[in-house]
Every structure is written in C-alpha cells, then in structure tokens.
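Grab the two chains, each in its own frame, and use the hints to assemble them into the complex.
What follows is the residue order along each chain.
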Amino acid sequence: MAKVKLIDVTKCCACKGCQTACKNWNQLPAQETTFVGSMENPSDFDANTWCRVMFNEHDGDPVKWYFSKFCCLHCSDPACASVCPVDAIGKSSLGSVNVDQETCIACGLCVSACPFNVPRLGGTDGKMYKCTQCFDRTGNQLNPACAKTCPTGTVSFGDKDAKISEANDRVAAISDKHPNAQVYGVEELGGLGTIYVLPDAPDKCGLPADPQVSLSTYFMYAALAPIKTLAAVGLTVGFMHKFLENKAAAQKENIE
Amino acid sequence: MTNHWIDYQHSDVIMNIGGNTVENHPVSMKWIQKALDNGGKLIVVDPRFTRTAALADVYAPIRPGTNTAFFAGLINYAIENNMYHEDYVKMYTNASSLIDPAFALSDGLFTGSSAAPDLGPGQRAYTDKSTWAYQRDEDGEILKDETLEDENCVWQLFKKHYSRYDVKTVSEITGCPEDKFEEVAELFCSTGQAGKAGNISYAMGLTQFTHGSQNTRSCCLIQLILGNVGIAGGGVNAQRGQVNVQGACDMGMLYHIVTGYMPMPRDGQDLEAYNAATPPGGFWVNRPKFMAAMLKAWYGDKATADNDFCFDYLPKLDKNRSSVAYYTYMAKGEINGLFCFGDNPVVGGANTSSKRRAQANLDWLVVSDMYENETAAFWKAPDMNPADVDTEVFLLPACLHFEKDGTVTNSGRWIQWRYKAQEPYGDCKSDKWIIDKIFKATRKLYEEEEGVFPEPIVDMVWDYGDEPDSAKIAMEINGYYSADGKLISGFGDFINSEPGDVAAGSWIYAGYFADEANPACQSRTPETEGIGSHLEWSFAWPANRRIVYNRASCDAEGNPWREDVTPFKWDGSEWIRYDNADFNVNVPPEETAGKGFIMTPELQSRLFAPGMVDGPFPEHYEPWESVTENKMSSVQFNPCSEVWYPEDRGSAADYPYIATTYRVVEHYQSGAMTRNQPWLNEAMPEMFCEISPSLADKIGVQNGDMVEIESKRSTIQCKACVTPRVKPLMINGEEKEIVGMPFHWGFMGLSTGASANDLTPTIGCANTTIPEYKAFICDIRRAG
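Chains as they are written, first to last, in the working numbering: chain A, 1 to 256; chain B, 1 to 784.
FYI, nobody ran anything at the bench for these hints, they're computed from the structure.
A couple of the hints might just be wrong.
Stated by the list, open to error - With a straight-line cut-off of 30 Å between C-alpha atoms, the simulated DSBU-like cross-links for lysine-lysine are: (1) Lys64(A) <-> Lys180(B); (2) Lys302(B) <-> Lys319(B); (3) Lys204(A) <-> Lys698(B); (4) Lys302(B) <-> Lys64(A); (5) Lys30(B) <-> Lys204(A); (6) Lys168(B) <-> Lys64(A); (7) Lys34(B) <-> Lys160(A); (8) Lys631(B) <-> Lys698(B); (9) Lys148(A) <-> Lys41(B); (10) Lys160(A) <-> Lys30(B); (11) Lys204(A) <-> Lys41(B); (12) Lys41(B) <-> Lys177(A); (13) Lys64(A) <-> Lys148(A); (14) Lys64(A) <-> Lys34(B); (15) Lys486(B) <-> Lys302(B); (16) Lys148(A) <-> Lys168(B); (17) Lys698(B) <-> Lys148(A); (18) Lys440(B) <-> Lys302(B); (19) Lys204(A) <-> Lys180(B); (20) Lys148(A) <-> Lys30(B); (21) Lys177(A) <-> Lys440(B); (22) Lys180(B) <-> Lys177(A); (23) Lys159(B) <-> Lys90(B); (24) Lys30(B) <-> Lys420(B); (25) Lys177(A) <-> Lys30(B); (26) Lys698(B) <-> Lys64(A); (27) Lys631(B) <-> Lys168(B); (28) Lys34(B) <-> Lys177(A); (29) Lys64(A) <-> Lys30(B); (30) Lys41(B) <-> Lys168(B); (31) Lys41(B) <-> Lys64(A); (32) Lys204(A) <-> Lys34(B); (33) Lys319(B) <-> Lys129(B).
For reference, chain B alone in the conformation it holds in the complex (with noise of 0.2 Å):
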C-alpha cells in the first residue's frame, strides 16, 4: 500500500475493485466505515455481488479479466470529461517528457516486438525497447514540453492511447453496464479535485491475470491522473491476502528479487554487470550500497570489496524459476526435493492435479506445516495411486503463530513485534527452529565431507544462537556497521558510508529495530493528535513513513491539495508534518516540487513505463481461456505469457461459461488451518459455486443440488449455491454466465471437498508469473 488501514477513513471515495474486503480483510471495514460515517462513498467492483457489495454505495459488476479495460475506461472518462487533476499531472508525472516518434501501438502490438517460439507458439517478446524512451539532449536531459501539447509527449500518447476506450467499448468489454460504469466513473472521478481523495483498494483480483501486473499499473495511471497518491485518503492499496505476505515479500521470497526488491542476479552476471544496471538517479542510485549490505550481512568478513563481498555465492537466475514454472521443471523429472513451508500448492497452486502427479517425481518432500496437509499428502488423494508413488515424503510439525515471536508486517507495511503467547502444542516447532538445525546439518556436511561448492553454505553468518534468537535476526535485517556491530538507525548510514561498511539483510528495515532495548517495531504509543499516522506505534518501511510519496500531497509552493487532513503543509517558513517526509524539509518546498517519486531516476511517477516486460502503457488483453473475443486488437492474449502447455487450453465451443475463484471470510487460503477448525467448518461445511437464477435453469438445477464443473485441464463436483447475486453479463453483445468458486478445499483434514484449483490454468502474468486464478473457461451439468 502507498497509504496504510488506518488512513482508510480519511477517503472521500474508496473503491474496492479486484478485492472483497469485508470478507477477506473484515478489520477493514472498521476504518472504511469511519470514512462513510464521514460522508464518504464505497463502490464495489466485482463479478459477484458479494459481503462488501451489500455494504456500498454504488455496486457495478465486471467480467473477470477485464479490470484494463474498467481501468482505461475510467481514465478516458476523466480525461474527457476534464475531471483529472491537470497541476498534479504536470508536476508529479512524466506527461511533459517527450518520447521516441518511432513509439506506437499497432493492432495490439507496441513497436519492437519479435516472435518467441520460447514462450510458446505466436508468442512475442519486446526485445528492441529503444523506441520505448525518452528523446534527450546532448547532455542527456530529458525534452519536455511543459505545455503537455506536442504530439509525442507522454500526455498526447497517453490520451490517444486511452480515447479508443470510450464508455459503449468498455461496456461491452467488461459486461458492465454503460449507465452503471457512468455513475462509478462519475463518482470516482469526483476525486480528481484538490481538495478531494479517492482510494482504490484492490488484492488478488486485480494481480492473478496474465495482464495481472499491467490491471496495477491502470490502477496507479488513474490514480496518478486524479492526483491521489501521496495525500491523506488516497493511494494504490494492495490489501494482502496473508498476515505477513508484505514481510515475505520484502525479504526476498519471489523469485524474481533479492531483499529489500532488489533484482535477482541473472545468469553469468558479476557484480561490476549488476552494478552497472543501476538506476542512474533517485534513491535506487545507493543500490550497490544495499547490495553490498545485504552481502555483508550473510557473509561477513568473508566479504570484502576485493572478492565482490561474495556476490559469486549467490545462485543466479536462469529461467523463470516462479511457482508456476518450477512445478512444470518437475514434471519433467528436473527437480528431485521439495521443501514446502506454510505453503500448499496441491490446494493452492494452479492446476492442482497436475501438481500432485509432478510431486511423484520427486526423490523427496520436506512439509513444514500444523497439519497433514493436502501437498504432504498428495500420494494418497483420491486420484493417485499410491503405489506409484516412490516419493519419501517427512512431515515437520511446525507450531501456530501465536508459539513464536518475531515481526509481521502488514499491507501498510508497518511492521509489528509479535510475542510468544503460549508454548507450542506437542513436538511442534517454529520455522525458525526447523531450518536452523537443518542448515547446521547441512553446514556440518559440507565440512565434514566438502562436495562441490560448499563455500556459499560454509562460509555464511549464522550465529542466532542455539536456540535461534528473533531479536537476533531482526539486527541482522536492520543492519550495523561492519566493523563494530554498532546498529544502524536509518538511511543516512548506507548513504554517508562505502559499500561494505554496513551490512544489512533487507535495507528498507533500517531503522526498525535501531534500538536494541527499545525497538521501534515493538513501540505501541498511540498518537494524541495528528492524521491517524501513528508514528510511535510500530515502525513503517520505508523510514517509518506512512504514506509514501507524500511530497505529492502539495503544491510547488507546499500548500495542501487538501487542506483539512494532510500530511504536509508548508507554513511560510517551514513544514508542519504528520508524518515522514520522503523529501528534503530543511529546504523551501519550490525546491522539492515536482520531486515526489524518489524511486524513478527522473523523481516523476511514469505515465508511459517502459519497464514493463510487455508494454509502457497497459492494453486490455483478453483471459488465456476466454468467452470472447479481444475487441480491441487481433491479439487474443497477453503476447509475452509463457505458455507451457498449449494443449491444456479450452475453447469457448466447449466450455461456454466464465469461470472465477474467490475466498470466502469463514476459510483461510488452502484451508489448511481452518478446515481443520470445527467452528469454522459448522459456519461454511461445504464445497460450492455460485451461479445465477439463469444458468440453473438453462442446465436444471435447484439451489443446493450437486453440478459437476469441468474446465480442459480436471472436472470437480460440488453444491450449488443458486442466487441472483451471480447475474449473466452482456459480452461484445452475447449474454455470458458466471460460474464463481471458492478455492479453499481439498482431500484432507476435517472438512474435504473438490479443489477449484484443479480447473485453473498453468500460466501466468507476463511480468510476474503469478498464476491466473481469476479467470477461465469451463461447462457446468447437474451431476449424476
């Protein structure tokens, strides 16, 4: 999140699109119902009309999969109806730079695409980007033009790009009603005023799409042309569907990064190649320092400037290595072990049966979990044979939450000490403890019998103690000074320092736990006055900031957008703050102005990002598996997808309906905790899907009877939850059904049922690879 919950109730108008916060973040509500109290409005983006929808203002339902074109729909609306915040565009955005006159877009396709046979038959990938830059002078510059009307400046690409999204196309695009998608566009766009702030809040719905990473990029676009990040109210919120999945994250746990978001080494890259690809202005010009810290920190003084700090140790990235992918690795016999630590991919992963049969190709699985879970088990779920299966398979017995200490950062990226409530249950250890003695009895092998290459396992820094210690690892993660181990409070000391002299194991942490006796994560001093920021409660990344880019929250001359509530305001003399400043207040605020996005080397937010693996500005694409097709181009699908299995993809001739998966409050993820919890079984027992009135008669089915679902890759059998809350939607002029489905069961534990993931697809967003859960093409009968 660029803002965090508490500043929820500050919105003038909050929409929740791609998400279902009152069911999957009830906490939530408490602060969105501040800001209704306050006057403001709740729109409710979604397939279904679902708990939070009953709570809205205004509910308009969409086609899963088309959030782009919602997107593009909105941000046309507010360019034409001159609803955008025109001086927020021009200060804090690169609309004024002028870009290649070789750039465009041609039937779905940006200039400097190339077939890639690797990704899959009529897959492309953008492997000329040049037209996809800035035009500079002589001395490097960036050309602007200030008055945002020369043809090839962002803002002109931008509105022409966006004009082809008018409210008749996005209507029949996204099933979404002209008149309805007027009253949200109107409502929304409202926020495009100084003095207003408008909050999108968004999760899984808007990210598990092939086009996932570009539906957040719309939402940052329409954001950042209704001038609302940066203020109090406002923001692009990612509300996380786990309690610490912002903490994994900014450690490191994707694929594709290093701690702190760093880039993951690529294969045959030194440190003087990675280096070289730093970001030449902004903050991200410390990164050598960071990378540098992060070495330190797992290497000590093995790490020194003359052998790179070791960054040789580090495994380097080949391939995509994502959860998708590396499941497709094992089905070919590629991967021999697998450990699985508070993860279930055989309920949670995409295609599921096909998980299980590619887990029977492992040597070993190690599964840390509370519970026998459906992966542990996978050998004996009831479409494998267990006899086939040669997999020796160990099941650790890891504790609860609440039977360890350690921190847990939340979606506003505040990150909170959490203490041991009581003993674990039994033999039942955490995490920590598990893989401490299994890398110690990893290191004793590499000792005692070397192999190949035992110096990134011998040579690292491990000393939490026997029993490892969180306090520990949390001044690992903060970071000190090499040579005396004196902690760190903040930026300032990677800054005035050399690569080396502090090491750090994720450098946005600095400053979290500075004080080894008093912590700022473990703070709990609740603020007397202020804007809900909180500042001595828990410590925020970056440099305990609330909101980031919160420079943006003012004028060149440091006056509020919004005056009432604000983190900044100038005084005439200096800043009167609410909050971490991400600028420079010791200087005057015509200094800083149009200076508010740290992190891009130009210090504007990007209209046009030619960072994107498959394109700067977003394009609607259609679904891998879709009802329809693409509208807007020839293009079907996202063109930079890795397809792994053609043959697994369905066509709407067979499998006519659109199919969605969703959680639902009473279960948790893979269901691994709370399927084995008999009160929350007794509130949600069964396996079911929701579809409309219509459908149900189209295929002879009373609310309560068993469907069958299939898609190409599984079929599964379920209840059906017949409701006029599901309702068929108008598709390029063809009525289309929904069929929605909780992701939540499987083969064990207390409560079983059919795993929709059986039917999801084995592919991904372009730029992440996460999987694309939320929409797919199956058939619907009554079973039996």
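So here's chain A without its partners, still in its complex pose (with noise of 0.2 Å):
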C-alpha cells in the first residue's frame, strides 16, 4: 500500500521544525544564507537542503500568509525516473522516490524534468539529492522525520487512501474560515506521493496550479523507451528495493 505525507498548510506555523529534523536525521550541512527580505529561508533547495517552508505572503484586509511546507512531493509517475538515462532512480514499495547515487552519473536530466524543480545536483559527488520520504525510518514502521518533529498536526504520513479522505473531511471542516480551501495532489499528474491541505488557490501557496511534465520531457522518455527496455527494467527495480532494503537495515542498527 502506498504511503503518502498529508501536509494541512491551515495548520502550519512556520517554526521550521520540519527542515531542521530534516536537516538532523540525514545529518545535511547547513547552507551559507543571507537575509533577503523575508523570513523564508532557505529559499531554495541544494543538494544539502531537501525540506524547506515556503513564505507566501498577501497583501490585504487582512494579510494572507500562507505557509508551505515542500519537499519532493513523490510523483506516483515520476518524471525524474522516466528521463534516468541509468535507471537510478526508482520508486519504492511505500511510494517513495528515491536516486541511487552510486548508479547516477549527474547528467541533470531529472532536474530539468521535474514539474516542481525539486532534485539538486550537488554535495562532494556532484550527484542528484533530494528528500528519500526518510525510506530508512518508515522501512522500519516509524514516521518520516518532518512528520515526527511537527507540532503542529500540519505534516503527518499514512495510508494514502486514509489521507485523502481525511483531507478531504478537513476541507470541509474549515470552509467558513477559508471559502477558496482545497485538496492538492489527488488529481496533479495523476496523483502524488503528497496530499496538500491549502487554503487557497495552489499558486497563493507557492505550488503550481496545473502541474505539467514539458514537452521536451516526454520526448526524452520517447527516445529513452528502447535503450531501457533493453536495459531491464525488473533488474533496476529489483537493484532498487535490495538497496533500500539494506540502507534500512544499515540505519535500524544504527538506531538500535
């Protein structure tokens, strides 16, 4: 059963708790920031940075502020692992997407891919990072880190359809305060790994309104298609889950 992060952006206070439990668990350096005129920080992701709140603020009587948690939002069709020239990437038994460093060759096509520019290139191998929905915490049954940390109710992790339907209920629950309040990532490019509570309209919360993977993408896939046939597939997917299978067991003895 796949498993999805509901984030209820009704509910966020912006502590940033969830990027520095983020930052903690997968032991990321921090990046040198400047102020740069809002309390948004990072603004952007890098190859260290794979959990950031974003600051949507609007004028008005009153001030909206809306505040987003994003990270890579686990596309059940991801575009980032059609493009994979190599195959490193891959979508795990939970639903998550997770990049194989050692098979990447950081050629940078999943970034361009990406119909919400998430994935980096970076860190000392030069290779693509970007949030693992902490597959080495919920392989072993516990929440991932954003999840854990919040203390709020705004992110928490769990059977998609249960998510969906409690979104769905919370929409409902808070129309008076919030008319234009929506469900997000249900219907997106065919469903994602995330369910957005918003508020809002998607793009009065930093997300795009009608996700699109480009053009050039599809033709990438196109040209792809017959070099990964032969390549097997199942020989990918079976490399994948015996490497996940192992990172989570790596990381359970560290915990215990």
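Given below as structure tokens:
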C-alpha cells in the first residue's frame, strides 16, 4: 500500500521544525544563507537542503500569510525516473521516489524534468540529492523526520486512501474560515505522493496550479524507452529494492 | 498561568495579546489547534501581523505600549453591552466592597501622591494610601453593598473609571481601527456567558513596559468580570519565554522576593517586623511558618526560635536592586564584581552599549556559559577599546541542559524531572557543580581567615555531597521535619505545626518530592479519563492543582458555570473532581461559595487592588518615550517609574517612529546558544528590522537594503524587511509608522549582527522594574 505525506497548510505556523529535523536525521550540513527580505530561509533547495517552508505573503485586509512545507512530492509516475538514462531513480514499495547515487551519473536530466523543480545536483560527488521520504525510517515503521517533529499536526504520514479522506474532511470543516480551501495532490499528474490541504488556490500557496511534465521530457522518455527496455527494467527495480532494504537495515542497526 | 497548556484545548475563544505564541512557544499551537478543531476562535492582537496572526480568526493591530487602554476598552465594552458575568462578579470579586469616599482619580493621579524627586524629575509616589482602603465597621469587617449600587462600592468606581475608555478613545490611543476593535470585543466578551470559556495568553508584550504590571492587572480584570478565572479553558495565562523561568521565579531569583513569592526583607526589618506585615487572612496567614521553614532549610540547627531562625543573616533590600538598577550602580563604580550564570545582559539587557561601558568598571567578572557570549567578551565589542578595560574576566564552561539532571517548571507550574541524557562535553560542568565548588571555597576562606560577618556563610546547611546530588536539593526544597528529617507531604504539615518544625526551601513546592523512591515530579502516568489534568503526570504547584482558584468554576450551589468541561461539580452529596481543590471539599458548597480566591485576606479577587505601587485601577499612560501625548490626562508616562537618566529620553521631533522588539522562532533569547547552531543560522541568518512599504517609500529603501536605526541611546545597522504585515496606525488623528526588530543578535558567535537592545531605554515598570523593551522611539534611514 502506497503511503503519503499529508501537509495541512492551514495548520502550519512556520516554526521550521521540519527543515531542521530533516537536516538532523539526514545529517545534512547547513548552507550559508543571507537575509533577502523574507523570513523564508533557505529560499531554494540544494543538495543539502531537501525540505523547506515557503512563506507566501499576500497584501489585503487582512493580510494572508500561508506557510507551505515543500519537499519532493514523490509522484506516482515520476518524470525524473522516466528521463533518467541509467535508471538510478525508482519507486519503493511505500511509494517514495529514491535515487541511487552510486548509479547516478549527474547528467541533470531529472532536474529539468521535475514539474516541481525539486531535485538538485551537488554534494561532494555532484550527484542528485532530494527528499527520500525518510525511507530508512518509514521502512522501520517510523514516521518521516518532518512528520515526527511537527508540533501542530501539519505534517503526517499514512496510507494514501486514509489521508485523502482526512484531507477532504478537513477542507469541509474549514470552509467557513477558508472559502477557497482545497485538496491538492489527488488529481495532479495522476496523483502525487504528497497530499496538501490548502487554504487558498495552489499558486497563492507557492505550488503550480496545473503542474505539467514538459514536452521535452516526453521526447526524452520516448528516445530512451527502447534502450531502457533492453536494460531490463525488472533488474533495476530489483536492484532498487535491494538497495533500499540494505540501507534501511543499516539505519535500523544505527538506531538500535 | 492560572491554567496550563493542555487546558487550552477547552477554550471557546483564545486571545493572544502581548505574545506571539506560535513563534515563541510553537508547541502551544498543538493545543490551540485542538481548540480550533472544536470550534474555538483565535484572536491575535499585535503591532505586527505575526506567524500567530497568520493562523488567527481575527487579527487586530495595536500600538506598542497601549495594552492598558486596549483592555480598558474591552472592559468598558463588556459593561456597556451587559456582556459581563454578573453572578461571578458578585460572588468572586470585591465588587460589592465599599471604598473610602475620599478616593478619587484626578487628571491621571489617584489620591495620595506626593512629589518624589528620588524617582526622577516630576515623578511622584503614593506616600499616602489611606484612601485606597475599604470602609469597615467597628469590628473591622468590610462594608459591602451586595446590590452594587452604592456610589462608593468597587463596582461603581470601576464602572466610572472604565467609562472613559469608549471605543473611539481606545481606537485613537491604540491605533486599532474602531470596527476591528469592536469585532475583537464582541467575540472575546461573548465568553462572559456562563458556559463559555475565554483564555488570554500573553508574554513579554504585556509586561515589558513602565506600566507592565498594570497591563497584567488589566488582563486579570477583564477575565474576572467575564468569569473566566478558575474554569477549564479560561485563565490568565503567562507564557514563559524560557523553559524554566517559572522555576527560577519560584526559587526567589527576582530581587524583590525570596522563595515561594514571600517579599524580600527590607532594610532594618527584623523577623518581628517582617511577620507583623503578614496578610491578616487567606492562606498567606501561614507566611511566618513558610519563612521559618526557609530559614530552617538554610541554617538547620543554628536557626532557632530564640535567634529568629537566623533571619538577621538574610541580606536586606535597601533600594532598587533590579537588573536595570544594578547596572546603573555599576556605571557609577559602586559594584566590584559580577557573577553571570545563564544570562547575557550585554545582548538581552536594556540599553546594552551602556552595559558594556558599565562592566569596564568591574574588577572581576565571572561568566558561566556554554559559549563565550557577548557579556564575557564585552571588552572586545566593536565599540570598546580593550586597552581601556582592566576587568579580569573568568569564563567557566557550563554544560547544556541535556547534560544534567534536575527539574524544570513550565508555564503551567508543572514541575517535571529531567534525566541527564549524556555526559557533558569536554570539561563542561553543570551550574550546580560550579556553584557548589565556589560556595565551598568561599566558606573555607571564611573559616580560615574569618572576615566581616562570616556567619551567614559558615553556618549555612550545605550537604549535597562531593558531587552535588539534585535529589538531595529537591528534598530540601520539598521540605522535611527538622526533628527527624521525614519529608513533608503537603501544606498540611506547615499548618499543623509550629514555626520551625518544618524546614522547606520553597513552601509552594511542598509535596513534589515527598516520596524519595517515587517522587511525584518523576511520575509519568497519563490520565485515562478526565479533562486533561493528568494529575499523575508530574506535579503542579501548589498542591498539584492544575487550574488554580478552581472553586470559582461553580456557582454557590456547586453547579459548574460550564457543564461540559469542568474541574468540579457538586452532585448533591459530594464533589465530582477532575482536579485538586483549593477549597474544602468536605463541606457543602454553600460554605465555600464566594471564597474562591484564597490568597487574599477577603478571599475574593480584587477589581480594586491597593497593593499596587501605581494605582488600584490600571490607568493608561504613554510609554516613557512616545510619539504622542497622553490622551487621558496630563501625566505623560507612569508617574511612579524610576528615571535614572532623564537625558537619555528622546523626543518625537527627533525620533518620529515607534520602535518595538521581539523574538523569532529560529533563535532563542540573546542567541548565545542558537547563533552557534549552523542549522538555525541557516534558517534565520541575519539581524533585520520590519517596516511597512509606506515607510520604506518615505526613506527610499527597498526590501533587503541596509538601514540605520537611531535612538537617543545608540545607532545600529541591519537589513530592512519591507512587508505589508507592518502597517502604519492612526494615532490621535496622525498616521504613525512602526519599526520592529528581533533582539537576538550580538557580536559573538557564528552569526553576528547588531543588538536591538543597544537602542532600548534604561527604565522599567514601577512595580517590578522589568525594562521597557517593547515601546520606544527611533529614527530610521537608508544606510551609507
């Protein structure tokens, strides 16, 4: 059963606990940032920043200030995986989209393919890094670090159907306070691995209203398809599965 | 807090005013969210549209330094629209008591003041409080008019006082638009009905003013007339800005109190004189026993009834010894040495550049901290010349809180034991270990070399072991019988014994460590049914009560005002209890009716409070520095605050903008810890100020540009955050702009920046001397 993150923007107080917990669990160093006129920071992903809170400010009476936790949305049909020429990107049994840096050749096709502009190349090896949905936690029945640390119930993790139903209930419950409230992530791109409860239109919350996989990505996919078929997809999936299992086991040992 | 964090879930309306709860107490949002999920509403009143405001149902702007007027407007609104809880007011407040007919307010001054040049030019003191008193019969009983109609009864005086604060006046003072104010008033005063609960949560945005104590008084008053004290989901809820600041206050860390909120002995006072000032009724009648218990805990067998339990050993308060005051004495060279533990006054204090200069007058300075903070490094600040500083500085490496055991007491008064998670890093030691070593070395010196008045040091009980044991200290605080060392179990042990029979470090903690093997503060059993009191999870002082003044949750017959969630309910033969009572549960409810406030002699809460230094009713005064004149009287600012440096006060002609300071969630206090944490610096890397787009236009600044901010004390530079979340306010008919600044930065650590407190003034509240950090005036311009 695929699992998803539910991010309820109407509950987020922008404490950035998720940002810090992500760095902590994944042992990612801080970037050197500067103040650029907003309390939002870091203002972009990089190889060491996989989770950030977007601050969306709109003037009016009253002012609206929406805080959207943002990281890889773990698409059901990930464009990044489709375009990867070496099949370094795959989906785990829980639905997370993961990259194997040992296979990654740092070509950057995934970066331009992603409809949400999430993956980044970098680190010491220049390869692709992004949110792993904490597969090394979720594989051990632990919640992702961001969900674990969230004090307000903004971020949670669970079975896809249950979380979609929870999101729909929530939107119905808050319609007085947020007349434009909506669920995001069920229909988009055939379904995302992250479901949002938004207080307002997606573009007011920092998310694309109608995310699209670009035409060039389709062409790339079409060009690569025959080669990939030769490369025996089954083998790759099997490899990813083994890879994730090994990594999760190592983490479990660390925890214990 | 009268209530506690978990109790927030029961509120129908929460008003966060003078606080920024989700940024400074993020976990509070867990419980506020539950209240919202149950249909509750959140009101945020703040000069800026904060991250808390982003989640609110109603946001109302307010000018910094005008909370007393804002509350006054709410009180008047509740009275004029008959939204107050009349039965509660009659039963649980002193509304019906008659006051001396000569008592009056005239042009901003209550009766009984006289010129007090010691407090500064033009300042006054209430040297004759004889009119601030109840009328009494020949037996000393308070005269009352239960109909509340006598023109000298508290209620009529209260109504008259507050009738001056109509919506228009309040709007002109506070800058809160009239319709927005009315929206707040209508929603919050709706909790005046029986069955509804309103919660006011606040923090330093109410207290850090020259009239800070009157702000919190005002908060109490609106809650009392709405019947919101003592009930679930209600309360006057001070959210503490540091994990154990409640515990520090409980242990007497403030200059004007000793442990358990007993007053500090005054100069020339002996024990007889101290005890003569014991309140004549209520639970405080036991104060002589609490004081004797503290002295027995400190001086053991040396403390006897014959020698006043060594009362004479205690230091006596001669003058204002607050943190603001002692730096003024230091500036004059009157202080030779300073110990600074877990404090960073050179960033967190008021007017910090003057603090750096004052510290140069010290012979020695001992700082115990995790990092070399700005206070320890004051001599190398950018505005100091090391060659001019002779102070010898000792920096002692303190360990982190996770590297030591002991208790912390949260805002809800829950005393929770914390275990050591890991050994301290390197040579770091706990403050407890450091103080133990310093004390023992000091005592050895006194024993070997004598000195002036060695007894208070030499005679002190100090037996916590070679490696001081937190459990031993906890047992001393809890209290024990002097004769056999048996731990006391609660307040009954004081009441049923003679002064000196019990030794106890802080009487209010009685019972938290009564069982050495299984102390209550280590207990972690969640409740299975109830209202979230969790009586077996830790221990809440006093007497493990989670909501204080809880008799007031019910009417005279014991019917709860709020049927669905209540700490108590009389079922006709006994009390059904979900909390520990602060009243006698063994008698029928009629016998305890109207006696809900056990800490006052009259057993009622006070709408009229003669104990305040600056007036029995809160009256609006402007902050010391203001951009406008006081609309209510010719008394511009609190007439009873001590003014040390009159020449440091700026005028609105030179400094036309309102300035205020605050915290952000990414950093903590003076930043000594968090500015050395790369992940947190990444999230909030630099000092900045927040200004409106209209002010930015006026001074020619774009978002992110460097600006220079000047007050009468100093000038700093930082980046500008230009945002519609800050808006100019209409004050007395003129548009006024606000400059907001976080105060976390200093010149040490991994992230350095200007200290906002370089700009704040050396002045404090008339009652407590907490500095006026939250409202002053400045100029701002483009840097360079």
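**Unsatisfied constraints (hint numbers, rising)** = The structure conflicts with hints 4, 16, 17 and 21, although it agrees with all the remaining ones.
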